[in-house]
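Chemist: Chain residues, written in single-letter form:
There are 2 protein chains.
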Amino acid sequence: MNGWARYLPILDWGRRYGRETLSSDLLAAVIVTIMLVPQSLAYAMLAGLPPEVGLYASILPLVAYAIFGTSRTLAVGPVAVVSLMTASAIGEVAAQGTTDYLTAAVILALLSGGMLVLMGLFRLGFVANFLSHPVISGFITAAGLLIAAGQLRHVLGVNEGSGHLHEILGGLAGSMGAVNPFTLAIGGGVLAFLYFARIWLKPMLRAIGLGPRLADSFTKAGPVFAVAATIWIVSSLDLGAEGVSLVGAIPSGLPPIGLPSIDLEVVRVLIVPAFLISLVGFVESVSVAQTLASKRRQRIQPDQELIGLGAANIASGISAGYPVTGGFARSVVNFDAGAQTPAAGVFTAIGIALATLFLTPWLANLPQATLAATIIVAVLSLVDLKAIGRVWRYSKVDFSAMAVTIAGTLFMGVETGIVLGVVLSLLLHLYRSSRPHVAVVGQVQGTEHFRNIDRHAVETRPDLVTIRIDESLYFANSRFLEDKVAALVAERPEVRHVVLMCSAINAIDASALASLEEINHRLSDAGIKLHLSEVKGPVMDRLQRTDFLDHLSGRVFLSQYEAFCEAANGCTEDSGSVR
Amino acid sequence: MNGWARYLPILDWGRRYGRETLSSDLLAAVIVTIMLVPQSLAYAMLAGLPPEVGLYASILPLVAYAIFGTSRTLAVGPVAVVSLMTASAIGEVAAQGTTDYLTAAVILALLSGGMLVLMGLFRLGFVANFLSHPVISGFITAAGLLIAAGQLRHVLGVNEGSGHLHEILGGLAGSMGAVNPFTLAIGGGVLAFLYFARIWLKPMLRAIGLGPRLADSFTKAGPVFAVAATIWIVSSLDLGAEGVSLVGAIPSGLPPIGLPSIDLEVVRVLIVPAFLISLVGFVESVSVAQTLASKRRQRIQPDQELIGLGAANIASGISAGYPVTGGFARSVVNFDAGAQTPAAGVFTAIGIALATLFLTPWLANLPQATLAATIIVAVLSLVDLKAIGRVWRYSKVDFSAMAVTIAGTLFMGVETGIVLGVVLSLLLHLYRSSRPHVAVVGQVQGTEHFRNIDRHAVETRPDLVTIRIDESLYFANSRFLEDKVAALVAERPEVRHVVLMCSAINAIDASALASLEEINHRLSDAGIKLHLSEVKGPVMDRLQRTDFLDHLSGRVFLSQYEAFCEAANGCTEDSGSVR
Chain A
0 MNGWARYLPI LDWGRRYGRE TLSSDLLAAV IVTIMLVPQS LAYAMLAGLP
50 PEVGLYASIL PLVAYAIFGT SRTLAVGPVA VVSLMTASAI GEVAAQGTTD
100 YLTAAVILAL LSGGMLVLMG LFRLGFVANF LSHPVISGFI TAAGLLIAAG
150 QLRHVLGVNE GSGHLHEILG GLAGSMGAVN PFTLAIGGGV LAFLYFARIW
200 LKPMLRAIGL GPRLADSFTK AGPVFAVAAT IWIVSSLDLG AEGVSLVGAI
250 PSGLPPIGLP SIDLEVVRVL IVPAFLISLV GFVESVSVAQ TLASKRRQRI
300 QPDQELIGLG AANIASGISA GYPVTGGFAR SVVNFDAGAQ TPAAGVFTAI
350 GIALATLFLT PWLANLPQAT LAATIIVAVL SLVDLKAIGR VWRYSKVDFS
400 AMAVTIAGTL FMGVETGIVL GVVLSLLLHL YRSSRPHVAV VGQVQGTEHF
450 RNIDRHAVET RPDLVTIRID ESLYFANSRF LEDKVAALVA ERPEVRHVVL
500 MCSAINAIDA SALASLEEIN HRLSDAGIKL HLSEVKGPVM DRLQRTDFLD
550 HLSGRVFLSQ YEAFCEAANG CTEDSGSVR
Chain B
0 MNGWARYLPI LDWGRRYGRE TLSSDLLAAV IVTIMLVPQS LAYAMLAGLP
50 PEVGLYASIL PLVAYAIFGT SRTLAVGPVA VVSLMTASAI GEVAAQGTTD
100 YLTAAVILAL LSGGMLVLMG LFRLGFVANF LSHPVISGFI TAAGLLIAAG
150 QLRHVLGVNE GSGHLHEILG GLAGSMGAVN PFTLAIGGGV LAFLYFARIW
200 LKPMLRAIGL GPRLADSFTK AGPVFAVAAT IWIVSSLDLG AEGVSLVGAI
250 PSGLPPIGLP SIDLEVVRVL IVPAFLISLV GFVESVSVAQ TLASKRRQRI
300 QPDQELIGLG AANIASGISA GYPVTGGFAR SVVNFDAGAQ TPAAGVFTAI
350 GIALATLFLT PWLANLPQAT LAATIIVAVL SLVDLKAIGR VWRYSKVDFS
400 AMAVTIAGTL FMGVETGIVL GVVLSLLLHL YRSSRPHVAV VGQVQGTEHF
450 RNIDRHAVET RPDLVTIRID ESLYFANSRF LEDKVAALVA ERPEVRHVVL
500 MCSAINAIDA SALASLEEIN HRLSDAGIKL HLSEVKGPVM DRLQRTDFLD
550 HLSGRVFLSQ YEAFCEAANG CTEDSGSVR
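Chains A and B are the protein sequences, given in the same order. Here the first sequence is numbered in numbering that gives the first Met the number 0, starting from 0 and rising by one per residue. Here the second sequence is numbered in numbering that gives the first Met the number 0, starting from 0 and rising by one per residue.
Bound-form chain A, shown alone (with noise of 0.2 Å):
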């Protein structure tokens, strides 16, 4: 793909659509359709925002996407991690029902958008390495967690119990007196049978005859009966005059396009988690999308990714939307549906316009507990305990980057915690890689090998020694191999040669660079040569971009065995070695 067709994948799969990939993609579109409805309104109160706002995020952003994206089967739109980031944030800047607050929203998204493509268009998308595989997984199950404890006062039908994971206990303990019994009752309702539909619906659906396919979809379809049968049940009942919150009237009819004014002071305060939320996004989107590409042997581009989900973030922006990203769930029944191509996601915007149209009078009854009911089931879903383990099996020092992330956002905020955990683990992999393995070497008797002496039977000299750094060096590691060498030669006092056995260096920094002169100078004041053996190619080539050699007290040698038969037998010129 070149030219326009890089940046505008729609140029490549639109101009070979056909018949049979509409009818696939139309089917996939109205099955994620009925299962985005409800998603987007539980993922809006999530967030804070009144329901149509998450109906809005699924639309333009949708057909957005499906301009920019890569991937033919991603499903963007609200999503539960995102909404609690977005709530977060927004709420630093204005209080939940203000006009102010949903204008937040609409600049994070923007803001968002904005990151996003320009990291895409300078391909800075690596940029998402810095949340490593335990802070970004032990952040999700934290979320998870704060998620589904802060949806428990909506099913109990409570006011208290909202922030972080200690004050929201808190909260929900001292409100047991104020609990709803219509509000539970719907709400321990809808629990029960989602997870009823999660654990037996299935199996049943299967033993009654129904394929694999179609069962699963019966049973991913379960909010949406939960949505209708609490509707019935509230109206029949009239339970909103007895208490139980409902999700009120909402404005019918396509979102208003446009910009909002916007307040640099709220930019300001929003560009850190602005930030968070994309890189998080495009960690969980790209995660999706690359395993639901692999399936089909296809590919997708992560520098596009980032302007596919940024274009969706812009679109959310100027209609009235919040953040939003490639959800997994939505994706795996995009893809289980048949969906070919983005055009599922076109209509499935489609799908969405006509229920903000046509549907939304018929919501109003819609309790929230519903809504929390579902939010718990889908997100706790995301939590992960048994990764904890593993992790803690596997490696203490990634253990400890998770358990802070874990910690910090339960207890300190999700931004908090997401940064402290980015922090530690940067800290802990500079520390792991400030200290190289080093050996020194000793010749393997009648060989030209030479292996580490704590570990082998190997000869040495005893004005010699080698010393093999199985790293490359850099600013992180080199001072470290100034105390090394330092080290070795003070405990030697015979030694009056240093080799440097470098076949495991791939490349040399400026920080090493001058880390080496130091060496070689300070060795050169003690009466000591210092040598190189087994430099790769291209870092000899830069080494003589530098008159490093030049002021090198001893000599290059192609092999070790050279070095240590004749670094201190005379150095004379002619014996192959390289200066």
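The set of hints was computed from the structure by calculation and includes no laboratory data. Source: prediction; values computed, not measured. Fair warning: there could be bad hints in the mix.
A pair counts as met if it fits within one copy or between any two copies, since identical chains are not told apart.
[To be verified] PhoX-like mimics (lysine-lysine), calculated; alpha carbons at most 20 Å apart, straight line:
#1 K528 <-> K483
#2 K201 <-> K535
#3 K528 <-> K294
#4 K385 <-> K395
#5 K385 <-> K201
#6 K294 <-> K483
#7 K294 <-> K395
#8 K201 <-> K294
Using the hints, position chain B against chain A.
Modeler: Relative to chain A, chain B alone:
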């Protein structure tokens, strides 16, 4: 060294202290004291502090370092770059000349000391690796230029010309009409004399028969001559009345010992600057100490150095001083003058204490222009413009971090400059290591060797692709591997086996493990088996603690040759491969 001696190096060298060492140390102390008196006054002025604070910072800190430090010859005290950083930091919380400003300096020293000691106790010296060589060397050069420019106003006798570089230049340009000719004569004269001393005096003294050591000592005593001469001139001609700014009355007497009342808000603002001062001071000091130690084949212990410098700063804080660190010029003088042990530092401290008791009355008529001129000459030796060119030629990536540090320091402030440099070098490092070298390899005909298919004529099989990864796998590069494998498989529809050749992989962190699981899972979905070959022992041990090998769709082969021959041939279990 074990037990107490590990944390109190004085127990080691103090025990063997003899008469001969004593006389060497005493001589060095006299010479360093003479050098340190004008430096202490000058750097205090640079930090915006009264001159006696510079003297106070040259007494107790030296004693503390002598007890806890590991370098035999490092001379600690106020230094130029740290003084500039101090002025910048405490200028944020109080105005020069107020008691709050003095208190802030003390708090900064205590904070920095506390951080250094903690870093030492927890062996966190590796954190200093964050400061890559291009960043620290760019920062020192920029700080040198900034300090020199900032002192010009004292040489010219004008009031404007402080702040960032553009503010300094603007201020000076606007004050050209207000230049004080007497001040300029003194300042210009001292500058000329010091440059003369540096460039001409030493060769001249050598020519008239002085030994190199003695000639050098005379040259380095230049500032002392300048101080004495200008005091005499100012006193004789009563130039104070002509508007020449003088140091003024310095309270004589030893520093007061005690702690100020500490305002937590001030502490909050100073935490980041204190951390940066600690890092910069530590890096500079360790580098000097390391260089001097290796000349005598001695060792320093970087983690204990943190404790030594931390103790020096705490001592400075409780004796009304300000942040200190090991200085380059004075340590070299101390070394060259023959100092044998840290006792030389204690004797120097006694010398400075005597100076504060008896010399201060003589210093009231010292012109600030003299001190400014000594600062300018001293800091311009820090400016290393050639290093910029060297880094540019060696690596554009390293150069960009250096350029950002220099520009940030000059035009946005010392803290901003260093933070920008550190963040950029981390980003660039992450970028570089996010793209490890990966090669598709094939068999060199008739051998068991495998080489890059792009560089060698090798044999491959259509149903099998082997990927050799030339670096350890961790969070920064694990997603790259996912993308790479996905791309290779997508463009080779006939592939049924993927072999990852792991001969260069020294470690796999939890993120990379998750990526390998993802890759295995995705390939499996596409009907492709994943195999590993040449996995190193420690890596294999760690993998065996997970269930990755149970889920692996293919096998683990000891050699790449085996993998190439057998991976696609039915995969019998009795062929020497390990699961």
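Chemist: Would you mind marking each hint as holding or not holding in the structure?
Modeler: The hints, checked one at a time:
| no. | hint | result |
| --- | --- | --- |
| 1 | K528 <-> K483 | within (16 Å within a copy, 43 Å between copies) |
| 2 | K201 <-> K535 | neither (60 Å within a copy, 45 Å between copies) |
| 3 | K528 <-> K294 | between (58 Å within a copy, 13 Å between copies) |
| 4 | K385 <-> K395 | within (15 Å within a copy, 45 Å between copies) |
| 5 | K385 <-> K201 | neither (24 Å within a copy, 73 Å between copies) |
| 6 | K294 <-> K483 | between (49 Å within a copy, 16 Å between copies) |
| 7 | K294 <-> K395 | neither (33 Å within a copy, 40 Å between copies) |
| 8 | K201 <-> K294 | neither (23 Å within a copy, 77 Å between copies) |
Hint compliance for this structure: hints 2, 5, 7, 8 are not met, and every other hint is.
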